[in-house]
Every structure is written in C-alpha cells, then in structure tokens.
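Visitor: The primary structure of each chain is shown beneath.
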Amino acid sequence: MLRVLNDVNITLEERTFTCLVGPSGCGKSTLLRIIDGLMAPDTGEVRIGGEVVTSPSLDRGFVFQHFNLLPWRTVLGNIEFGLENLGVKKGERRPKATEILKLVDLEGFESYYPGQLSGGMQQRVGLARALAVDPSLLLMDEPFGSVDDQTRMLLQEELLNIWERDQKTVVFVTHDIEEALYLGDRVVVMRARPSKVSRVIEVPFGRPRVDEVRGSPELARLKQEIWDELKSGATVEG
Amino acid sequence: MADTTHREGLATDAAGAPAVVDAAVADAPPSAASRPPPSRLKALLEKKWFLRLVVYGGILLVFQIIAMRQGPFFLPTIPDILAAIVELFAEGYITVMGPTLQQLVVGFFLAMAIAIPLGVLMGRYGFWEDVLAPWVNTIYVTSKESLLPILILIFGLGFGYRVMVVVLFAVFFPIINTAAGIRYVERELRETAEAFATPPWRMVTRVYLPAAAPFIVAGVRMGLAMAIKGMVIAEIWVYIGTGELLTAFTLSPRRLDLYYALATVIIVVAVTANALLKLAEQRLRPYSKLQRQEAV
Chain R
0 MLRVLNDVNI TLEERTFTCL VGPSGCGKST LLRIIDGLMA PDTGEVRIGG EVVTSPSLDR
60 GFVFQHFNLL PWRTVLGNIE FGLENLGVKK GERRPKATEI LKLVDLEGFE SYYPGQLSGG
120 MQQRVGLARA LAVDPSLLLM DEPFGSVDDQ TRMLLQEELL NIWERDQKTV VFVTHDIEEA
180 LYLGDRVVVM RARPSKVSRV IEVPFGRPRV DEVRGSPELA RLKQEIWDEL KSGATVEG
Chain E
0 MADTTHREGL ATDAAGAPAV VDAAVADAPP SAASRPPPSR LKALLEKKWF LRLVVYGGIL
60 LVFQIIAMRQ GPFFLPTIPD ILAAIVELFA EGYITVMGPT LQQLVVGFFL AMAIAIPLGV
120 LMGRYGFWED VLAPWVNTIY VTSKESLLPI LILIFGLGFG YRVMVVVLFA VFFPIINTAA
180 GIRYVERELR ETAEAFATPP WRMVTRVYLP AAAPFIVAGV RMGLAMAIKG MVIAEIWVYI
240 GTGELLTAFT LSPRRLDLYY ALATVIIVVA VTANALLKLA EQRLRPYSKL QRQEAV
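Note that the protein sequences, when read in sequence, are chains R and E. Residue numbering for the first sequence follows numbering that gives the first Met the number 0, starting at 0 and increasing by one per position. Residue numbering for the second sequence follows numbering that gives the first Met the number 0, starting at 0 and increasing by one per position.
The reader is advised that the hints may include incorrect statements.
[Stated by the list, open to error] A short, non-exhaustive set of chain E residues, derived as facing chain R with CB atoms under 7 Å:
hint	residue
1	GLU187
2	THR191
3	ALA194
4	LEU289
[Said to hold, decoys possible] Using C-beta positions, here's what the derived DEER-type ranges look like:
hint	chain 1	residue 1	chain 2	residue 2	range
5	R	GLY43	E	ILE153	51 to 61 Å
6	E	VAL130	R	GLU13	47 to 57 Å
7	R	GLY107	E	ALA112	38 to 48 Å
8	E	PRO199	R	LEU153	57 to 67 Å
Read the hints as simulated data drawn from the structure, not as lab findings. Where is the CB? At the ideal position from N, CA and C, for every residue including glycine.
Could you put together the complete structure from these sequences and hints?
Guide: Here you go:
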C-alpha cells in the first residue's frame with residue numbers, strides 16, 4: 000500500500016485563506032480530496048464544524064486544475080450544475096447563475112460551450128460553478144496551474160476581489176510559492192516522502208492585498224525561506 | 000558614423016532587391032505558359048452538388064445502359080421503374096407497407112428501450128458486464144437469421160414475431176456502443192460530478208448519458224440500419240407482407256419493374272428514417288453540431 004500522507008494535522012480557521020504549497024507528489028491534492036470527501040483517508044478523519052466528512056457535499060465547492068467542465072453544457076449550464084443537484088428550481092437557477100457569471104466577468108458568454116473558451120475563461124466558469132452553490136468551504140486544486148502567466152496573475156487578482164467581498168474559508172493548493180504568499184493568510188508548506196506538513200507560515204501582508212505585494216522585499220524573503228525549507232527535503236526526479 | 004554606414008548598407012540592399020524581383024518576373028512568363036490555366040472542371044469538382052451529380056448520375060446512366068442492352072426480362076429501365084412506382088401506389092400494392100413500417104417503428108423503439116439501459120448497466124457495473132456480456136457477444140456474432148425459426152416457434156407468424164425479428168437485429172449495436180461509451184467516460188468528469196454531490200440517477204442522466212452520447216448515437220444509427228434489415232428479412236423468411244411482395248415480383252408473373260420500384264421505396268424509407276434520426280439528434284443534443292464542426 001502506498002502511504003501518501005503521513006501525520007498531517009492542520010486546523011483551518013473560518014473565513015481564512017489557506018494555501019497548501021509543496022512539490023508534486025507531496026500529497027497536497029490528495030489532502031484536498033480527503034477534505035472534500037472525494038477520497039477516504041485510511042486512518043484519521045476530517046471534521047468540519049464538528050461533523051466528520053464522509054462524502055462530498057454541496058456545502059463545499061471544488062475547483063479543479065483542468066477545469067473539468069461538462070463539454071456539452073453551455074457556460075450557464077455548467078454554472079447551474081451544482082444548483083440542480085441542490086434542487087434549486089429552474090426559475091431561480093437562471094438568475095442565480097447569471098449573477099455569478101457577472102461576478103467572474105463572463106457576461107456575454109452565457110451560451111458558449113467550454114470548447115469555445117480559452118483556458119482562463121474556462122477556469123472562471125469552474126470557479127463560478129463552485130461559487131454558485133454558495134459553499135462555506137472552497138477547495139481549489141492548482142486552479143491556475145494550466146493557464147499562462149499573465150492570465151494567472153489576472154485570475155489571482157480576481158479571485159482576491161471576489162474573496163474579499165465574501166470571505167469564504169478557502170483551501171488553495173499550488174506548487175507556486177509566490178502565488179501562495181500573494182493569496183493566502185497562511186501558507187502550509189508540505190514535503191514529500193514521507194509526506195508531511197513541514198511548516199506553517201503566517202503571511203504578514205494586509206487585506207485588501209495590493210498588487211505591490213508581488214514586488215515587495217518581504218515577499219522575496221518569505222519565498223526564499225519557503226524554498227530553503229522545500230529544498231532541504233527535495234530530490235530531483237524524472 | 001557607423002549608423003550611417005549601416006543605413007547605407009540597407010539602402011543598397013533595398014536597391015538590390017527590386018532587381019532580383021525583376022529577374023524573377025522576367026523568368027516568369029515561360030513557366031506560367033507551360034502551366035495549364037486553372038481549369039473549370041477542377042473548380043466544379045470541388046462543388047459538392049457537382050460531385051453528387053456525377054456519381055449518382057453516372058450510376059443511373061450505367062444502370063440504364065445495361066437495362067437497355069439486357070432487356071426488361073433481366074433488368075427494367077429507369078423509366079419503367081418510375082412508372083412501376085406509380086403503379087405500386089395506383090394498384091394499392093403499397094398498402095402492404097403499412098404493417099411493415101409499423102413493425103419497424105415498434106421494433107426499433109423497443110430495441111432502443113432495451114439496448115440503452117442494458118448498455119448503461121454493462122458499462123457502469125462490472126457485475127452486469129459479467130452477467131450479460133457472454134450472451135450479448137455470442138448472439139451479436141451469430142447469424143441472426145439462424146435464430147428466426149426459434150422466434151417463429153415462440154411468437155408464431157403474427158405481428159409479435161415480426162417485431163421481435165426487428166428487435167433481434169437492431170438491439171446489439173446500441174448495447175455494445177452504449178456500454179463502450181459509458182465505460183470510457185473520463186475519470187475527471189466522474190470525479191467532478193461526485194464533488195458536486197450528484198445523486199446516482201442524475202449521475203446517469205446528466206453525466207454518463209450525455210458524455211457517452213456520440214457512442215450511443217452511432218450505435219442507434221447502426222441499430223436503425225439493422226432494424227430495416229430485420230424488417231425485410233422477417234417477412235421474406237415467412238413470405239408475408241412486403242417481403243412476400245418482393246419475392247412474388249421476381250417469380251411468376253415476373254414483374255421486375257415492380258420489384259425494383261418496391262426496393263426503391265424501401266430505400267427511400269431507410270434514408271428518410273436515417274435523416275429523421277439525425278434531426279432528432281440535433282434537437283436533443285445541440286452540442287452535437289459543435290462537435291461535428293470541431294471534428295472537421
């Protein structure tokens with residue numbers, strides 16, 4: 000049996016933005032799936048507000064690295080997917096989905112199919128789909144990992160804008176240290192083999208986050224610190 | 000200073016360039032003359048309607064020539080067949096198609112109602128795959144005609160038998176295709192649907208079926224072709240309905256013109272049914288249009 004995660008013990012404060020950062024293979028995506036209930040841990044448990052997580056719930060929203068939109072549904076149809084499972088009636092679904100659509104800046108693309116959109120736009124739909132069910136916990140699995148640099152920075156800013164308006168509890172998985180520091184209140188640094196939480200860093204930048212944070216010496220210093228932490232446990236693999 | 004030299008260098012280049020172009024132009028006329036001008040035939044061949052005219056027209060022309068050489072005892076001419084189609088209607092022969100079409104429609108829809116759920120079960124659950132696959136695969140590769148006597152023993156020669164033949168012929172392609180389509184639904188889509196707490200029934204109707212739709216549609220279309228095959232064979236086998244007429248026209252009194260006329264009507268029915276199916280797909284699945292565009 001492959002033990003991916005060992006001795007992971009983290010507590011998330013309500014309405015905080017936590018980033019999980021670590022090399023590939025450290026189990027950060029697995030941990031996210033366990034939090035959601037998509038995967039069951041062999042031992043241990045996840046509790047949310049005292050309740051043990053046993054299966055996925057619409058009280059949690061999930062954003063996937065490769066968007067995972069339903070290709071045969073339009074943008075609006077994709078956003079409505081979770082709402083349908085919640086049993087929201089058609090008459091209420093449309094306005095709700097349209098509202099979220101505006102939030103992620105996709106007005107005018109209601110009836111487009113995912114295949115007609117760029118990666119960045121598809122991920123906005125992915126985010127909108129997760130936000131539409133108004134979850135108390137938003138889980139994001141390297142959501143900006145498969146879009147180009149400029150789009151990623153724009154999406155990061157938009158995510159912060161949305162988050163600062165309606166602070167949900169967010170767990171954001173990334174391998175990009177800078178992204179983790181720019182977005183998060185806390186950065187949980189994970190190491191591989193054995194996979195474990197090696198450090199938790201409280202991010203000192205205030206809210207709302209301003210763009211200047213990206214170029215600040217403080218960010219550079221923290222980035223170096225995390226990199227040193229990761230490097231000490233890193234091996235080069237093919 | 001260096002800047003100026005550089006610019007001068009550029010100027011020389013620029014001045015030199017036209018000379019080269021001139022030389023090419025001077026060379027051009029002979030080669031252009033040796034190349035044939037773009038022909039009108041080539042332009043026409045790129046037109047779809049022209050290609051169809053050539054291919055279908057060619058086939059009809061060859062048919063007509065052979066028919067005229069062989070004489071009406073072996074092959075009726077196209078005007079004879081057209082006249083016979085009129086006769087089919089005028090003499091009331093065509094009414095025999097009524098029950099035949101009825102068994103086609105009932106049999107086809109029954110086959111799909113059996114095939115798609117079975118295919119979903121087989122594609123989704125290993126248990127049902129294990130239980131059903133041996134039966135499906137065995138009958139699928141067997142000559143269905145060889146099983147007709149069993150159907151006659153069970154259902155007699157009435158409507159039930161004729162419908163069951165259509166079902167027997169039509170049911171296998173959509174079962175196998177649906178199962179394959181469901182089996183290959185991407186793991187990412189399944190995980191996504193799970194993450195959004197999709198209940199089991201909606202998982203089938205909102206994720207598996209639409210994801211597998213291109214496979215299912217292909218299976219249904221093959222099923223339709225088989226249903227039409229079954230429709231005719233069921234009747235030829237026991238000498239009733241349209242099948243009886245088809246056979247009778249080739250015996251005495253030998254009326255090949257009527258035979259070809261009836262065969263033409265059956266082809267028209269098949270092509271129309273296929274077109275209706277395509278229309279239904281576009282209605283049910285607006286996304287299919289985009290998929291086709293992307294495939295081209």
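Visitor: Hints first: check each against the structure and report whether it holds.
Guide: Here's how the hints hold up against the structure:
The closest approach between the C-beta of GLU187(E) and any C-beta of chain R is roughly 5 Å, which is under the 7 Å cut-off, so the hint is satisfied. The interface hint given for THR191(E) holds, since its Cβ lies 4 Å from the closest Cβ of chain R, which is under the 7 Å cut-off. Checking ALA194(E) against chain R by beta carbon gives a least distance of about 4 Å; that is within 7 Å, so the hint holds. The interface hint given for LEU289(E) holds, since its Cβ lies 6 Å from the closest Cβ of chain R, which is under the 7 Å cut-off.
Range check, GLY43(R) to ILE153(E): Cβ separation about 60 Å, and the 51 to 61 Å hint holds. Roughly 50 Å separates the CB atoms of VAL130(E) and GLU13(R), a value that falls within the hinted 47 to 57 Å. Our hint of 38 to 48 Å for GLY107(R) and ALA112(E) holds, since their Cβ atoms are close to 41 Å apart. For the pair PRO199(E) and LEU153(R), the supplied restraint of 57 to 67 Å is violated, since their beta-carbon distance comes to about 39 Å.
In summary, the one numbered hint that this structure violates is 8.
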